[in-house]
Amino acid sequence: MIPSAFDYIRADSADAAIAALAEHGDEAKLLAGGHSLLPLMKLRLASPSVIVDIGRLAELSYVTDRGDHVAIGALTRHRDVERSELLATQVPILAHAAREVGDPQVRNRGTIGGSLAHGDGASDLPAVVLALGGTLIARGPAGERSVAAADFFQGFLETALAPDELLTEVRVPKVPNAGWSYQKFNRRAMDWAIVGAAVVRNGSDCGIGLVNMSTIPLRAAASERALAGGASVAEASSLADDGTEPSSDIHGSSEYRRHLARVLVRRGLEAATP
Amino acid sequence: MTTVSIRVNGIATSRDVAPRTLLVHYLREELGLTGTHVGCDTSNCGACTVHLNGEAVKSCTVLAVQADGEDVTSIEGLRPAEGMEFHPVQQGFHECHGLQCGYCTPGMVMACAALLSENADPSETEIRTALEGNLCRCTGYQMIVDSVRWAAEHTPTA
Numbered sequence: 001m002i003p004s005a006f007d008y009i010r011a012d013s014a015d016a017a018i019a020a021l022a023e024h025g026d027e028a029k030l031l032a033g034g035h036s037l038l039p040l041m042k043l044r045l046a047s048p049s050v051i052v053d054i055g056r057l058a059e060l061s062y063v064t065d066r067g068d069h070v071a072i073g074a075l076t077r078h079r080d081v082e083r084s085e086l087l088a089t090q091v092p093i094l095a096h097a098a099r100e101v102g103d104p105q106v107r108n109r110g111t112i113g114g115s116l117a118h119g120d121g122a123s124d125l126p127a128v129v130l131a132l133g134g135t136l137i138a139r140g141p142a143g144e145r146s147v148a149a150a151d152f153f154q155g156f157l158e159t160a161l162a163p164d165e166l167l168t169e170v171r172v173p174k175v176p177n178a179g180w181s182y183q184k185f186n187r188r189a190m191d192w193a194i195v196g197a198a199v200v201r202n203g204s205d206c207g208i209g210l211v212n213m214s215t216i217p218l219r220a221a222a223s224e225r226a227l228a229g230g231a232s233v234a235e236a237s238s239l240a241d242d243g244t245e246p247s248s249d250i251h252g253s254s255e256y257r258r259h260l261a262r263v264l265v266r267r268g269l270e271a272a273t274p
Numbered sequence: 001m002t003t004v005s006i007r008v009n010g011i012a013t014s015r016d017v018a019p020r021t022l023l024v025h026y027l028r029e030e031l032g033l034t035g036t037h038v039g040c041d042t043s044n045c046g047a048c049t050v051h052l053n054g055e056a057v058k059s060c061t062v063l064a065v066q067a068d069g070e071d072v073t074s075i076e077g078l079r080p081a082e083g084m085e086f087h088p089v090q091q092g093f094h095e096c097h098g099l100q101c102g103y104c105t106p107g108m109v110m111a112c113a114a115l116l117s118e119n120a121d122p123s124e125t126e127i128r129t130a131l132e133g134n135l136c137r138c139t140g141y142q143m144i145v146d147s148v149r150w151a152a153e154h155t156p157t158a
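Taken in order, these protein sequences are the chains called A and B. Quick note, the first sequence lines up with residues 1 to 274 if you use the working numbering. Quick note, the second sequence lines up with residues 1 to 158 if you use the working numbering.
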């Protein structure tokens, strides 16, 4: 399978990438590691006429201590997230979940920014960044703005990014003492989750992200509210599928996914509770 | 067309290709290096695994333009170890019968070689985890794991 023909632009800076997006608008797509976009292009589910390759922008590949949070450059590969000492001690759920993405070959190419900007409800990392209450930094012709992860995912493969904006950085709070768990349920090691649940319990705060329970990455808001109101793990997890719209496919029915969400959130809460 | 220059198995190559040309097609069709196989073509099976700057990647999901200026090693580029007929991983597959039909083998070998370059003495669990991106429909994996262990035990130390 070969993608449709496209014009290729290699950006040598973030600003050059933004300028290329501004020039070509909706026709252009950014290419980072390519492990979400190229499969879609090969299946002709996406046929951008212009590809802006940002894969070599070393300026956007870093994991940096910023006091109360860790800043991760959008082009940091999954491989580098999973091996980051800083993340392993300060945001361990993210380093752990990065290891759950695809397989080693995919993690050698795929990037955290690419995964988030793709906005697939079935991906691992969006749910983790939601559970952490992360913040995403977008840069466009008018400058930078920050978007809460909770406001970033808007529809099927749609995010808050404007067509001429580049996701440059992901910020996640340091949670070295938080209880956490990433529950991924799948049939084959490198598959997408049939359902997944990311749980971060930091004192009285609890964030829960759900994988593959809708077309977009979701928070288990009803469970979070119940816990904040003093509910037990059993009570809170029984609400995990509230407000979700899981699909039915060959891997499981919608009802089965709802069941999995309740079970995985319960397991995650139990594992994340000291 | 775009001019792409890639150092493949230590040899400088350069071709004018369409930007949509995948790295695996650059290797197979432009260079005639057909040892790298196309299996699923959907980045699942790992048959197309090669090394890009020393790291295992699935060449069906990398554009040739993304490898422009970089180093690629394909199965043809593996070199025999001192005193062996083949590269230690290839020799291990030979000794331990790590293949039946052989279709997945070039990708398997490249994934295993990448593993051993980072972890010279992997446990069985580490081998199985490292091979999660490579599918074999013949062997049931046990003899592939044995092959990697053989390679780990027989690789000459530098």
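Honestly, the hints are just simulated from the structure, not real lab data. Quick caveat: nothing in here was measured; it's all calculated off a predicted structure. Where a beta carbon is used, it is the ideal one built from N, C-alpha and C, also for glycine. Worth double-checking, as some hints may not be accurate.
Which residues of chain A face chain B? A few of them, derived with a C-beta cut under 7 Å, are [stated by the list, open to error]:
1. 5
2. 8
3. 35
4. 38
5. 39
6. 40
7. 55
8. 58
9. 103
10. 105
11. 109
12. 189
13. 194
14. 234
15. 238
16. 239
Verification of the supplied hints:
With its C-beta approaching chain B no nearer than about 6 Å, residue 5 of chain A sits inside the 7 Å limit, and its interface hint holds. Because the smallest distance between the Cβ of residue 8 of chain A and any Cβ of chain B comes to about 4 Å, under 7 Å, the interface hint for this residue holds. The interface hint given for residue 35 of chain A holds, since its Cβ lies 6 Å from the closest Cβ of chain B, which is under the 7 Å cut-off. At its closest, the beta carbon of residue 38 of chain A sits 5 Å from a beta carbon of chain B; the interface hint therefore holds under the 7 Å criterion.
The restraint placing residue 39 of chain A at the interface with chain B holds, with a minimum CB-CB distance near 6 Å, inside the 7 Å limit. This hint is violated: residue 40 of chain A has a C-beta 11 Å from the nearest C-beta of chain B, more than the 7 Å allowed. Evaluation of the residue 55 of chain A hint against chain B yields a held restraint, the C-beta minimum of about 6 Å falling below 7 Å. Taking 7 Å as the C-beta cut-off, the interface hint given for residue 58 of chain A is violated, the closest approach to chain B being about 13 Å.
Given hint, residue 103 of chain A at the interface with chain B, holds; its Cβ is 3 Å from that chain's nearest Cβ, closer than 7 Å. At a threshold of 7 Å, the smallest CB-CB gap from residue 105 of chain A to chain B is about 5 Å, leaving the interface hint in force. This hint holds: residue 109 of chain A has a C-beta 6 Å from the nearest C-beta of chain B, less than the 7 Å allowed. Because the smallest distance between the Cβ of residue 189 of chain A and any Cβ of chain B comes to about 4 Å, under 7 Å, the interface hint for this residue holds.
Violation of the interface hint for residue 194 of chain A is found here, the shortest Cβ-Cβ separation to chain B being roughly 16 Å, above the 7 Å cut-off. Evaluation of the residue 234 of chain A hint against chain B yields a violated restraint, the C-beta minimum of about 33 Å exceeding 7 Å. A cut of 7 Å between beta carbons decides the hint on residue 238 of chain A: the least distance to chain B is about 33 Å, and the hint is violated. A hinted interface residue such as residue 239 of chain A counts as satisfied when its beta carbon comes closer than 7 Å to some beta carbon of chain B; here the least separation is about 33 Å, so the hint is violated.
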